[in-house]
Amino acid sequence: MRSLPSTLIALGLLALLAVPFFPQLVYSVFVMKTLCFVLFACAFNLLLGHTGILSFGHAAFFGTGAYVTGLLIKTYGIPTELGILAGGLVAAMLGTLVGALAIRRSGIYLAMITLALSQLVYFFFLQAPFTGAEDGLQRIPRGTFLGLIDLGNNTALYYVVVGIVGTGLWLIWRTVNSPFGHVLRAIREHEPRAISLGYPVARYKVLVFTLSAGLSGIAGSLKAIIFQLAALHDVHWHTSGDVILMTLLGGMSTVFGPAVGAALVSSLNHYLDPFGAWVTVITGLVFMTCVLTFRQGVVGQLSQALRSRRSSTPAAKVDSRPRTHHQ
Amino acid sequence: MDIFGIPIQALLGQLMLGIVNGSFYAVLSLGLAIIFGVLKIVNFAHGAFFMLGAFTAFLLAQYMGAGYWLTLAVAPLAVALFGMLFEFLFLRRLYGLDPIYGLLLTFSLVLVLEGGFRVAFGSSGQPFATPELLRGTLNLGFMVLPLYRGFVIVSALLLCLATWFIIERTPLGASLRAATERSELTQAFGINVPRLVTLTYGVGVGLAAFAGVLAAPIFHVNPSMGSSLVIIIFAVVVIGGLGSIMGAIVTGLGLGVVEGLTRVFYSEFSSTIVFLVMVLVLLLRPAGLFGREEG
Amino acid sequence: MPATNSLKTLVVSSTVLGLGGLSHAMASEGYTDDVVRIGVLTDMSGIYTDLSGEAALEAVRMAVEDFGGEVNGVPIEVIHGDHRNRADTGASRAREWYDSEGVDMINDLSNSGVALAVAAVADEQKRHAIVNSSSNIGLTNDYCSPYVTHYTYDAHSLAHGTGKSIVEDGGDTWFFLTVDFAFGIGLEEQVSEVVREAGGQVVGAARHPLDTTDFSSYALQAQASGAEIIGIASTGADAINAINALAEFGVTPEQRPAALLLWYDDIVSLGLETAQGLMLTNAFYWDANDETREFSQRFYERTGRMPNMAHAGNYSSTMHYLNAIEAAGSDDPDAVSETMRELEINDFFASGGYIRPNGRMVHDQYLWEVKAPAESEYDYDFLRLVTTIPGEEAFQPLEESTCHLLDND
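Chains as they are written, first to last, in the UniProt record's numbering: chain V, 1 to 327; chain Y, 1 to 295; chain L, 1 to 409.
None of these hints come from the bench; they were simulated from the model. Note that CB positions come from ideal geometry on N, CA and C, so glycine has one too. It is possible that part of the hints are untrue.
Said to hold, decoys possible - Derived pair list, reagent style SDA-like, types lysine to any residue, alpha-carbon separation capped at 20 Å:
no.	chain 1	residue 1	chain 2	residue 2
1	L	Lys126	V	Pro141
2	Y	Lys40	V	Arg295
3	L	Lys126	L	Asp34
4	L	Lys371	L	Val386
5	L	Lys371	Y	Pro127
6	Y	Lys40	V	Arg105
7	L	Lys126	V	Leu151
8	L	Lys126	V	Asn154
9	L	Lys371	L	Ala288
10	L	Lys126	V	Asn153
11	Y	Lys40	Y	Gly173
12	L	Lys126	V	Gly152
13	L	Lys371	Y	Ala129
14	L	Lys126	V	Val29
15	Y	Lys40	V	Met288
16	Y	Lys40	V	Gly107
17	Y	Lys40	V	Leu292
Unchecked claim - Taking CB as the label site, the calculated pair distances span:
no.	chain 1	residue 1	chain 2	residue 2	range
18	V	Ala100	L	Gly304	55 to 61 Å
19	L	Tyr354	V	Gly152	31 to 37 Å
20	V	Gly152	L	Pro75	31 to 37 Å
21	Y	Gly116	L	Tyr380	23 to 29 Å
What the hints assert, rightly or not - One-sided excerpt, in silico: chain Y residues whose CB lies under 10 Å from chain L:
no.	residue
22	Leu17
23	Val20
24	Asn21
25	Gly115
26	Ser123
27	Pro127
28	Phe128
29	Arg149
30	Ile218
31	Met225
32	Gly256
33	Gly260
34	Arg263
35	Val264
Produce the complete structure using the sequences and hints provided.
Next comes the structure, spelled out in structure tokens:
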């Protein structure tokens, strides 16, 4: 069991590292953008898949990261790496605040509180003078990384992005597989029991909210550096919807399923252009098919298929799909 | 007499307009609340069905020469049938799963519907005439209200009350409520629950479409007319209290008024105020204004 | 286990490699100098599809065909993309086109966030971008570039066209219904300035969120203001809903509405009954003269619709770009940029038009009034010319531009 995922990850990493050498095959800026969404979706899934909390306002963190980084680098000339860090930090602080309010409720009520708060954040960025409203915060300089690597060069930037996203994903993987992660799963499966076992559930939830928001913010910061702009769409509720979509399509029961979902969604956005006006319809049909056939997401379904091939004992068919709790 | 620098007469006028706007919210959120109550599904396609109602009315008028009154009756029925077909073919496969899957499926339907209409009819929309009979104005003393807006209030309220009556006061409504609370037991009493569920979805969708037809003469008929509405309607239902029929109606009207007043005092914030209200309500009254506290 | 290997390949290839390979097989390889490649980057599937969309692509294709399909023996190719109204998607597509698909010029660029982002990429990559369907005046000011041309219209021409003419016509007091977005507020500010300079007075404004459907509250506010002119600083569905509400509440025609950014297509969807009497500035109208009618007829046969000013601008600007390549004898971006700014533009769209060093194409603008249903004699007979605004008056004086290519400091 163990070797297959790690082989896959190794192969994936290898393919990622090779991207800049095959510009005729795939465009590196597109891969960078996809990587931002990969980090965003995996960070989001810390809440949805691993803790059983549905947030419908994650764009607030993603967009805050983008705007904070953009503002600091463009207006105050802060070094790029500090800008990214600050983007993540401010998003994490916002995450603590939103989390502390939202976790006082659960299920759909929680989702609606996050949606509402993210709408307030959207309003703030729409009104704030530095964001340029719908024009966006444009021409953010990429600068240098650690004062050494010139990020104006796409290939250099690419490896920096791969490095940061990789670190983020590693952090997520570690979190999920740490004692902390086990408690989160206990909360997901049966919250009252986790409480009765003496875990400070509320504090755990706020913590995971903070972590998820911080990593989402870093994803947004990276996007601001790559495209040299932060736009209103980054904080719009459509982006919150997109990340839910990516996570579900990829499979929320797995650590890296959302990554596949993110790649799928951004590929649909990128490669359907030849269909002109029909793209929206086609995207909708693809999603519909996915919901109706791969209910556990692409990766979830694949790993289940694999498991049932390995052994046909009933135990292998136990449904490990997590469920968010609703009353 | 002035209130915050606004003459009281003007303020009364704005209140009236808030009620008109709230009537749309009431009909829409009523449909969403019914669907959520029975199917436990957040119907993300509610705004798209609103659009579908308006467009069906437009198509009936444009290509079949149907008069307004006929479209007001036929379009919601047609859209309801379409909704029931969608429920029967697809949505029911997701019952018993996490509600988030229903949300995702209905969201996909939005993409298909909005995208499809944009391909077929373009993005800029279609004119739709106000019915001859309702073209005048009504002098209310403090304001001159277009007759049609008055008609919107009256018909929306009547429809809401009728729906409330059917659910709360008739045998059909009783079995519906029973199916909501104890689905298997209701089935054991010989009531066809799946059919009841399909019917409920049809009613919810039909209400959305009815609001769409009502909106067609005053709001611009275009493929994205419902897309920004849907999250506001969510908020209305949650503020009212999930599962509370009366809550959805009253909150719809109330938020219409709140939004209307915001347009006077802090216009930029008017599409966000609903969410501020929602945060406050959920933090102070967890089950919404009219919802029962959970056990 | 044999299944494992195939699964590995499947997962890896579908995540990163597979889809990439698919698309590149369809596009052409790398940058080659023996093709002049034009990319039409527009909204193919969203709310602006009617303003540019597939018809914009068709306009560019028409220009290429009319030019003969090749320039100096080099074939011309047209490709297209959808920016989905997202600045990052637009910027990423533009970057990919310039970087690895050998696109020499990108046209259309609806949505001002997208236009600004693509202009930045064009400037960095030293390739051409021509903006036809966005109004952002930043393109010829802070964000100007030798490789960026702003062709059809801009916020300045709209404000000065509509604002000035109406004040001169006696419309002294103004109230604005403004969409709470940068372009709306920008338009409101510009028109306010024009109105005040011309001796008029701005009595108030209401700023509504984007995608507002119910404008009744604003209609009452406009009514209460008592202003003679209601300036509508929004576009698309917002403007249409605003105009409808003003008519419904009897604000108009007593107080006159002035649409600051109304498209020909918006009038089609308003219908003449509601739209009659509206004043609007547009750079082009299909029924202006024999030349515009000839072009529009051909356009109509291909697309099933009459062209708006952006479509006409797409055609004219593509033609001008190709003429410049032909005259320069090269598709070198610098040479083409220079030639584009030297050659005069004389076609059905502009007479005596020229491009300033900051990228602004200067040509006459027109103030139109929407006809009453009784005045409309045939299909698509919608507008009546009120006055022609000479290009020099319509566009921002060069000395006011903050473009770094000028020595204005």
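Consistency of the hints with the structure:
For the given pair, L:Lys126 sits about 17 Å from V:Pro141 by alpha-carbon distance, which is consistent with the 20 Å threshold. For the hint pairing Y:Lys40 with V:Arg295, the CA-to-CA distance comes to about 18 Å; that is within 20 Å, so the pair holds. Using a Cα cut-off of 20 Å, the hinted pair L:Lys126 and L:Asp34 holds, with the two alpha carbons roughly 18 Å apart. The suggested pairing of L:Lys371 with L:Val386 holds, with an alpha-carbon distance near 11 Å, which does not exceed 20 Å.
Distance hint between L:Lys371 and Y:Pro127 is fulfilled; the C-alpha atoms sit about 16 Å from each other, no more than 20 Å. Among the hinted pairs, Y:Lys40 with V:Arg105 is consistent with the structure: their alpha-carbon atoms are about 18 Å apart, no more than 20 Å. Among the hinted pairs, L:Lys126 with V:Leu151 is consistent with the structure: their alpha-carbon atoms are about 19 Å apart, no more than 20 Å. This hinted pair checks out: L:Lys126 and V:Asn154 have alpha carbons roughly 16 Å apart, not beyond 20 Å.
A threshold of 20 Å between alpha carbons decides the hint, and for L:Lys371 with L:Ala288 the separation of about 14 Å falls inside it, so the pair holds. Our distance criterion of 20 Å between C-alpha atoms is met by L:Lys126 and V:Asn153, whose separation comes to about 15 Å. About 17 Å separates the Cα atoms of Y:Lys40 and Y:Gly173, which keeps this hinted pair within 20 Å; it holds. Between L:Lys126 and V:Gly152 the CA atoms are separated by roughly 15 Å; this keeps the pair inside 20 Å, and the hint holds.
With a CA separation close to 18 Å, the supplied pair L:Lys371 and Y:Ala129 stays within the 20 Å bound. Distance hint between L:Lys126 and V:Val29 is fulfilled; the C-alpha atoms sit about 18 Å from each other, no more than 20 Å. The hinted pair formed by Y:Lys40 and V:Met288 meets the criterion: a straight-line CA distance of about 19 Å does not exceed 20 Å. Taken as a hint, the Y:Lys40 and V:Gly107 pair is honoured in the structure, with Cα atoms around 12 Å apart against an allowance of 20 Å.
Of the supplied pair hints, the one linking Y:Lys40 and V:Leu292 holds, its CA atoms being roughly 18 Å apart against a limit of 20 Å. Distance hint check: the CB atoms of V:Ala100 and L:Gly304 are about 56 Å apart, consistent with the given range 55 to 61 Å. The given range of 31 to 37 Å is respected by L:Tyr354 and V:Gly152, whose C-beta atoms sit roughly 34 Å from each other. A C-beta distance of roughly 33 Å is found between V:Gly152 and L:Pro75, which places it inside the suggested range of 31 to 37 Å.
In this structure the supplied range 23 to 29 Å holds for Y:Gly116 paired with L:Tyr380, their Cβ-Cβ distance being about 26 Å. Because the smallest distance between the Cβ of Y:Leu17 and any Cβ of chain L comes to about 5 Å, under 10 Å, the interface hint for this residue holds. At a threshold of 10 Å, the smallest CB-CB gap from Y:Val20 to chain L is about 7 Å, leaving the interface hint in force. Because the smallest distance between the Cβ of Y:Asn21 and any Cβ of chain L comes to about 5 Å, under 10 Å, the interface hint for this residue holds.
With a cut of 10 Å, the hint placing Y:Gly115 at the interface with chain L holds, because the nearest CB-to-CB distance is about 6 Å. The closest approach between the C-beta of Y:Ser123 and any C-beta of chain L is roughly 4 Å, which is under the 10 Å cut-off, so the hint is satisfied. A least Cβ separation of about 4 Å between Y:Pro127 and chain L falls short of the 10 Å threshold, and the interface hint therefore holds. At its closest, the beta carbon of Y:Phe128 sits 9 Å from a beta carbon of chain L; the interface hint therefore holds under the 10 Å criterion.
A cut of 10 Å between beta carbons decides the hint on Y:Arg149: the least distance to chain L is about 7 Å, and the hint holds. Annotation: interface hint on Y:Ile218 holds; nearest CB of chain L at approximately 6 Å, less than 10 Å. Taking 10 Å as the C-beta cut-off, the interface hint given for Y:Met225 holds, the closest approach to chain L being about 7 Å. With a cut of 10 Å, the hint placing Y:Gly256 at the interface with chain L holds, because the nearest CB-to-CB distance is about 9 Å.
A hinted interface residue such as Y:Gly260 counts as satisfied when its beta carbon comes closer than 10 Å to some beta carbon of chain L; here the least separation is about 6 Å, so the hint holds. The beta carbon of Y:Arg263 is positioned within 10 Å of a beta carbon in chain L (closest approach about 4 Å), and the interface hint is therefore held. Residue-level restraint check for Y:Val264 holds (minimum Cβ-Cβ distance to chain L is 7 Å; threshold 10 Å).
The structure meets every hint from the earlier list without exception.
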